[in-house]
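The whole structure should be built from the sequences, with the hints applied where relevant.
Listed here are the chains, written in short residue letters.
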Amino acid sequence: MRQLTEIELQEIRRSIMRKEISSAEILMEIYDHYFSHLQKFSEAEFHDQLVELDQKFTYGYCHALQFRFNKKAKEDIHQTQWMVVRKYFCTSRWLYLAGILVLVFYVATQAKTEKELGILLLSPMMLLLLANMAFGYQNIKKLRPIKKTFKGIGIPINSSLALPITERMYFPILMAQIFVYVPKLIFSQIDLPPFLPAVSAAITVLLTLYAVSLLEVLKIKSKTALI
Amino acid sequence: MSNNNLIKGSLQTIILKLLEENEKMYGYEITQRVKELTEGEIKITEGALYPALHKLEAEGMLTTEIQHVDNRVRKYYSLTKDGQKEVSTKMSELQSFVGNLQRILDPEWKPGLA
Numbered sequence: 001m002r003q004l005t006e007i008e009l010q011e012i013r014r015s016i017m018r019k020e021i022s023s024a025e026i027l028m029e030i031y032d033h034y035f036s037h038l039q040k041f042s043e044a045e046f047h048d049q050l051v052e053l054d055q056k057f058t059y060g061y062c063h064a065l066q067f068r069f070n071k072k073a074k075e076d077i078h079q080t081q082w083m084v085v086r087k088y089f090c091t092s093r094w095l096y097l098a099g100i101l102v103l104v105f106y107v108a109t110q111a112k113t114e115k116e117l118g119i120l121l122l123s124p125m126m127l128l129l130l131a132n133m134a135f136g137y138q139n140i141k142k143l144r145p146i147k148k149t150f151k152g153i154g155i156p157i158n159s160s161l162a163l164p165i166t167e168r169m170y171f172p173i174l175m176a177q178i179f180v181y182v183p184k185l186i187f188s189q190i191d192l193p194p195f196l197p198a199v200s201a202a203i204t205v206l207l208t209l210y211a212v213s214l215l216e217v218l219k220i221k222s223k224t225a226l227i
Numbered sequence: 001m002s003n004n005n006l007i008k009g010s011l012q013t014i015i016l017k018l019l020e021e022n023e024k025m026y027g028y029e030i031t032q033r034v035k036e037l038t039e040g041e042i043k044i045t046e047g048a049l050y051p052a053l054h055k056l057e058a059e060g061m062l063t064t065e066i067q068h069v070d071n072r073v074r075k076y077y078s079l080t081k082d083g084q085k086e087v088s089t090k091m092s093e094l095q096s097f098v099g100n101l102q103r104i105l106d107p108e109w110k111p112g113l114a
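As you go down the protein sequences, you meet chains Z and R in turn.
Each residue of the first sequence is one higher than the last, beginning at 1 in UniProt numbering.
Each residue of the second sequence is one higher than the last, beginning at 1 in UniProt numbering.
None of these hints come from the bench; they were simulated from the model.
Here a beta-carbon is modelled for each residue, glycine too, at the ideal position from N, C-alpha and C.
Hints may be right or wrong, so weigh each one.
Ranges between beta-carbon positions, derived for each pair [unchecked claim]:
hint: 1; chain 1: R; residue 1: D106; chain 2: Z; residue 2: R144; range: 55 to 63 Å
hint: 2; chain 1: R; residue 1: D82; chain 2: Z; residue 2: G152; range: 38 to 46 Å
hint: 3; chain 1: Z; residue 1: A44; chain 2: R; residue 2: G9; range: 35 to 43 Å
hint: 4; chain 1: Z; residue 1: G118; chain 2: R; residue 2: E20; range: 18 to 26 Å
Here are the simulated DSSO-like cross-link-like pairs (lysine-lysine), alpha carbons at most 30 Å apart as the crow flies [stated by the list, open to error]:
hint: 5; chain 1: R; residue 1: K24; chain 2: Z; residue 2: K71
hint: 6; chain 1: R; residue 1: K8; chain 2: Z; residue 2: K147
hint: 7; chain 1: R; residue 1: K43; chain 2: Z; residue 2: K72
hint: 8; chain 1: R; residue 1: K110; chain 2: Z; residue 2: K221
hint: 9; chain 1: R; residue 1: K55; chain 2: R; residue 2: K35
hint: 10; chain 1: Z; residue 1: K72; chain 2: R; residue 2: K8
hint: 11; chain 1: R; residue 1: K75; chain 2: R; residue 2: K110
hint: 12; chain 1: R; residue 1: K110; chain 2: Z; residue 2: K223
hint: 13; chain 1: Z; residue 1: K56; chain 2: R; residue 2: K43
Right, dumping it as structure tokens:
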């Protein structure tokens with residue numbers, strides 16, 4: 001095993017960059033494979049081995065690998081969040097859930113105006129917003145070495161797991177926009193029904209459950225993935 | 001002789017078995033270990049290895065760990081609890097298949113006979 005020269009490293013990077021891979025996970029795995037393999041050969045054999053690797057890791061193969069990995073990442077995030085949500089309903093945790101329910105319903109019944117109920121509904125979204133900011137910072141930090149290695153690749157490098165998480169973080173905001181603005185567009189005057197506090201409390205509980213479970217997914221995945 | 005088609009069906013078992021014995025491994029290391037153990041007779045192609053690793057990871061059989069090595073990031077794979085259970089299942093399935101295959105190829109063959 002030898003130390004690769006800077007020129008050789010540049011050649012490896014150029015070769016991988018030509019494949020236009022945007023998934024950080026796939027990029028790092030292929031780069032490590034190239035690196036580990038080429039380290040075992042002498043300088044004279046370097047080019048032949050690099051060509052051989054390029055024939056194995058073709059553009060089509062890399063993109064198929066990336067496509068499947070992205071698809072599985074999406075499914076993985078969905079399954080992990082669902083698993084976390086189910087855990088909240090198990091015997092050891094139901095007390096916490098009951099506590100949140102009681103607290104939110106109590107706050108909702110105390111709310112007197114539409115604005116106060118709005119603030120209640122916004123609270124889990126604020127949590128998601130803060131989590132999104134922290135997630136963005138952590139993501140930048142983790143991807144920095146890969147982005148530095150492949151500087152000038154010409155396409156944005158992102159973690160395959162980051163996109164489904166970001167989508168999930170924006171989902172409640174999108175739903176809120178639909179629930180708040182669409183009825184206003186259709187009906188010019190909406191009278192607030194008396195059961196509105198209860199409805200708001202139920203939505204807040206669901207949103208809190210969603211936000212907390214997503215945070216837990218982030219915590220689980222950040223231990224092992226590039227997020 | 002190209003034995004890629006024969007290996008295809010048992011690739012997951014090979015990966016799981018190697019990880020059971022080696023705690024954690026990275027992609028290239030797996031290909032080299034197989035080559036070393038079989039004295040170059042079996043070569044796991046990269047085309048089959050990474051999709052298999054990603055599939056096992058998505059199924060919850062493997063977990064990953066990111067480590068910084070020589071200014072690059074390396075992804076290590078290791079078995080989860082489900083993966084550890086799956087090794088014995090997959091191994092007995094494969095052994096039973098090999099036994100049955102042996103019976104087809106040599107009807108005189110009895111298990112336990114060399």
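Hints, one by one, checked against the model:
At roughly 59 Å, the beta carbons of D106/R and R144/Z sit within the given window of 55 to 63 Å. Between D82/R and G152/Z the beta carbon distance is about 41 Å. The supplied range of 38 to 46 Å therefore holds. In this structure, A44/Z and G9/R meet the distance hint of 35 to 43 Å, their C-beta atoms being roughly 39 Å apart. Checking the proposed 18 to 26 Å range against G118/Z and E20/R shows it is violated: the Cβ atoms sit about 55 Å from each other.
Between the alpha carbons of K24/R and K71/Z the distance comes to roughly 25 Å, so the proposed pair stays at or under 30 Å and holds. Between K8/R and K147/Z, the direct Cα distance comes to roughly 34 Å. Violation of the 30 Å bound is thereby established for this hinted pair. Distance check on the hinted pair: K43/R and K72/Z sit about 26 Å apart at the alpha-carbon level, within 30 Å; holds. With a C-alpha separation of about 49 Å, the suggested pairing of K110/R with K221/Z is violated against the 30 Å cut-off.
In summary, the hint linking K55/R to K35/R is supported, as the alpha carbons are separated by about 22 Å, within the 30 Å threshold. A C-alpha spacing of about 21 Å is found between K72/Z and K8/R, which places the hinted pair at or below 30 Å, so the restraint holds. Distance hint between K75/R and K110/R is unfulfilled; the C-alpha atoms sit about 44 Å from each other, more than 30 Å. A C-alpha spacing of about 49 Å is found between K110/R and K223/Z, which places the hinted pair above 30 Å, so the restraint is violated.
Of the pairs offered as hints, the one joining K56/Z and K43/R holds, with about 13 Å between alpha carbons and a cut-off of 30 Å not exceeded.
Going through the hint list in order, the structure does not satisfy hints 4, 6, 8, 11 and 12.
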